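Using the hints, build the complex out of the two chains.
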Amino acid sequence: MSDRGQKFHDMTDEDLMARYVRGEEMAFEVLLSRYRRPLFGFLYRYLGRRDKAEDVFQDVFFEVIRARDVFRTDSKFSYWLYRIARNRAVDRLRRNGFREMDSLDVSVDREDCDGETRLNRVPGSNPNPEEETLSHELATALTECLASLPPEQREVFWLKEQSGLTFAEIAEMTGTSPNTVKSRLRYALEKIRADLAARGLQP
Amino acid sequence: MNCRRIDELLLDYLYGELPPDDTEAVRAHLADCPRCAEQTAELARVRHVLARLPEPGPSKMTVNRVLAQAREQAESRGARWGMRWWKVLAPICLMVVVGGLVLYQLRSGLVSYDMQVPVSEKTEVRKTVPPPSAEERPAAVPSTAEPEAPAVRGPVEDRNVMFESADRSTPPKAFDTAAPLAKASPEVLATLEDALPPAGDLESATVKIAPQAKRAKTASPPPQTASTPEPKEDGSVATETFQALAAPPAPRPVGDKKPEAGLPAGARRTPDEAAPDRAPAKMLGAGSAAPLPPTARPTVQKDVPRADRTAPDILNKQIETVEKALAEGRFDQALDLSLRVLRELPMDHPGRPRIMLGLAQAYEGRGESRQARLVYRTLAEGTSEYRELARRKLTELGDD
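Each protein sequence line maps, in turn, to chains W and X. The numbering of the first sequence is my numbering, which starts it at 26 and goes up by one. The numbering of the second sequence is my numbering, which starts it at 43 and goes up by one.
Simulated from the structure, these hints should not be mistaken for lab results. Just so we're clear, the structure is a prediction, and the values are computed from it rather than from any experiment. Just to be clear, a hint being listed does not mean it is correct.
Unchecked claim - Derived SDA-like pairs: lysine to any residue, alpha-carbon spacing no greater than 20 Å straight-line: (1) Lys101(W) with Phe87(W); (2) Lys102(X) with Glu88(W); (3) Lys216(W) with Lys102(X); (4) Lys102(X) with Arg59(W); (5) Lys102(X) with Leu57(W); (6) Lys101(W) with Arg87(X); (7) Lys216(W) with Glu84(X); (8) Lys216(W) with His90(X); (9) Lys101(W) with Glu88(W); (10) Lys32(W) with Arg47(W); (11) Lys102(X) with Val55(W); (12) Lys101(W) with Cys45(X); (13) Lys101(W) with Ala43(W); (14) Lys101(W) with Thr65(X); (15) Lys216(W) with Arg77(X); (16) Lys32(W) with Val55(W); (17) Lys216(W) with Asp49(X); (18) Lys102(X) with Gln83(W); (19) Lys32(W) with Thr98(W).
Bound conformation, chain X alone (with noise of 0.2 Å):
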């Protein structure tokens, strides 16, 4: 290594830039020449010097300043970070509240809606019912069931076997139906079905009634008022009918003379029921489109023995809703509540002929007599006890 290279070696070598082989090179050569050797201890002097100057730092100002920014924005860090995660686990967190709610208002809606249909409740609540005494039993109305009877129960999905096995087998007297009206009533609801309110309406209606069967279980209140609640303004007893009715009535003995028809042989009405067939009729004023006064109007609760207050006893009830809301001229409610208990009801059931009569006088109390005079036409082809009546109304009406 000649002096020249030594000399483009030299600030590399004074800065430590060097490799160790040629360090060790410059070193050789340095020790061997005197004046690269002196060139070169005059610059470390020079270097040597000025690093004795003293080393001048920032003002402890303006280290705070950067100290505190440094400070201020970690802790921004942390909080964006915290902000991040926060909108990660936001959205989660609120699926799983709103989750958790809809859940719990589902299961409550769910618990609720059984409610309506609480069957062990309605048993239970039936089941307090005491048999009434024979004073209790007016010999005018059509009476049905022994009261020895055991009432037959059965949940709601039992309803069909449970008419075919009790109900059809004996049916109640008040409810002596003929199978044409029953099955000529299809073709008369569909062309009234427009009368009908939206089918939400009876959703409502069944919710409202829940919190009834509700007290009516929590609160033991007398079995009388348990089993005929004050029928709503809101039409919503009409659920608690269709509840009931899904519990078939009691077996009745009967002693009719004649079998009606669609009933199997041998029933028969009893003694005291033979009488009243007009009962019904009048009580659902029969006769007139005007609505009885509640005093001509003989209450089934009354007329019915206790122990058959099932099946036909709701219906009867339902059937004093009708005619409270005829009398007090709420044809609207008297409509609606007959259309809904005649869809619900069973098409051979024995109450269907009652429940168009009120149908009828709806429609008539409602200047519909087009419709009334359809659902009369409707009675008087079949061979209900309402038969006469209809054909009576069909000419004040002015039928062909």
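Chain W with its partners taken away, still in its complex shape (with noise of 0.2 Å):
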């Protein structure tokens, strides 16, 4: 990486929006790298399928070229980003209602997933590459829990899992308090374990 690639890398995402508002591309390309997968990750699994995961993460990055000038630099971008996130996929949602959910599977990810898994960003596991793929089994198991649950547990869960926003941001993006946004991420966990535990499988 060049140095002012490397130099880019090093930003915080709000310095690099504000030298994408004076024209800079590549703080763009930067911002785009960091919230590539975690973003459409969590409007995959809150929309549940690609196409439309698809189409709203192209929305939502021409709303934040367009909308540019709007973002205040000293609010978080994470935010930001997944505010507008969240409102088309609740909009696209509302419009088209939750469908069967696809396969969450390796085999689904097909040309763009390399395998890579947000293990790493999750607190207090350690990553284990022997532990890295799931069975087969396993992975579709999770796959039918979470399209399962509940549209307002799935949003917050997965809010939580991809954004890394805290209990008290997504409550005020969701409109609800931190203690329900825990609530329902609690009831969600919960559902998950037993689901597998009924099915026979351990996490």
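Okay, here's the thing in structure tokens:
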């Protein structure tokens, strides 16, 4: 990576956005590389379909580009980005409803899935290469469990897992209280654990 | 910290949002409480296994579209910034360019304007005029100055001084005049003022004459040609005449029998000047409103010694122009030129009666007998050589 590219990678999201507002295209590319998978992951898990996730993903970044002058560099870029994404996703979900989610196993992710997981982003977990690949049975079970979650639980679960926003931020974004967010997330985790146990699978 | 409190903080603990002190307190409780520890471990494993799900990414096509859009907007932003700068700079650049052009034009105009009074140039041209030989001087011409007499030249600003010092002291015989006539002229002119074209014409004519002066300087034409340009149809020669008149005539030794009014004592006409007092009147078609044929009008060019072709010389050229206009029936031009010269000519200038005669004839040619009579009357009341002629014209015109 060039010195210029490294310089951008060391910048905060907000600085990058400010650079892009001034017309520096590379700053946007770095931002996109940072949020490409997490944001798409949220949209994909929340909407359940790749094509919808693609559409909304593109709309979200087009909106970021269009409204870059509105963005205040003293605010948090990830919150702004996910708020746009969440609103767009909610609108899309209201319009079309939640459909059967695509299989979330490795085979579904086709050319864009390089096997990357977010394991290293989960606090307290110690990524072990030997554990990075789930069994096909477990992956299918998890996909079905996630698809069966109520939208509000699925929303906060994936928002929390993908965005790294705090409970307070998610509560503000979704118009609820932090305790409600934690409660919904707790129910989602408990449900997945119970479903896996019912299937005789151990996480 | 009890188990209920641990249950409340479990999510914050799992997602790392607890403050360090609370985190330590939770860990201490979990170390001592197997039930809470097991519950916490199960949820942590669920998170862990979900984190092992492959994380999908957007298609390359979608990413490329987003990048293209970002690039396009960044470029347009740059272009817009450029446009903004241009919007700011464009008026400044325009003002600079226009201002520069205006200044350039102004300077050019000033230079051009200056060239219409090229004192040094005119002096230079006049200096090139060789003194005429004695043979060239017609006896019938009221020639005035001695060939040896140096022509007194001066800039426009020195006009009055020069007239006082040189011209007045030695008035040319040809422009012999009378003070009463000179004093009466403003009133006459005032009554005729409405016949004048707009003042702007004079300026335009002045501008037109500038190139001529320039050519005279650069091309170094023969002295005669340079000093006697062809009168223009548009009357532009008038300006040249004014400029020439600005320079006083050369002092002339006079041997006249009687000193002219308003002239210093000792001003005398030379012997060869004594006879042709009527010559100018004849030149202008004296005794008749109809212009004389060109052959009957000896040109001043031949009549005046070259050494004296200064102000009187140019004035004679002006008179030539007037009489040419009269001969060709261009009474409007003759009138215009006469009035212009009269306005510029000093009131005591000896050439005024001669020009007034041309003015009267121009009025007569235009059929404006009232104005013609007014001018003739002024001449008739004067003491110039045109007094008798003017009286005859007044009789012809039925003046009371």
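Discussion item. Checking one constraint from the list: CA of lysine 216(W) to CA of arginine 77(X), max 20 Å. Satisfied?
Written reply: holds (19 Å)
Fill in: 20 Å limit on alpha-carbon distance, applied to hinted pair lysine 102(X) and valine 55(W)
Measuring from Cα to Cα gives roughly 15 Å; hence the hint holds.
Item to complete: Would you mind confirming whether the straight-line C-alpha gap from lysine 101(W) to arginine 87(X) stays at or under 20 Å?
Response: violated (30 Å)
Worksheet item: Holds or violated: lysine 32(W) with arginine 47(W), Cα cutoff 20 Å?
Response: holds (16 Å)
Practice prompt. For the pair supplied as a hint, lysine 32(W) and valine 55(W), confirm whether the alpha-carbon distance does not exceed 20 Å.
Written response: holds (10 Å)
Worksheet item: Do the alpha carbons of lysine 102(X) and arginine 59(W) lie within 20 Å of each other, as the hint requires?
Response: holds (15 Å)
Discussion item. Next pair to validate is lysine 216(W) with aspartate 49(X); report whether the Cα-Cα distance is within 20 Å.
Written reply: holds (17 Å)
Item to complete: Given the hint that lysine 102(X) pairs with glutamine 83(W), test it: the Cα-Cα distance must not exceed 20 Å.
Response: Roughly 11 Å separates the two Cα atoms, so the pair holds.
Worksheet item: Does threonine 98(W) lie within 20 Å of lysine 32(W) when you go C-alpha to C-alpha?
Response: holds (18 Å)
Worksheet entry | Agreement of lysine 216(W) and glutamate 84(X) with the hint, judged by alpha carbon distance not exceeding 20 Å | holds (12 Å)
Worksheet entry | Pair hint outcome, lysine 102(X) versus leucine 57(W) [Cα-Cα no greater than 20 Å] | The given pair, whose Cα atoms are some 12 Å apart, holds under the 20 Å limit.
Fill in: Holds or violated: lysine 101(W) to phenylalanine 87(W), with C-alpha atoms at most 20 Å apart
Distance ~18 Å between lysine 101(W) and phenylalanine 87(W) Cα, so the pair holds.
Hint violations for this structure: numbers 3, 6, 12 and 14, all remaining hints satisfied.
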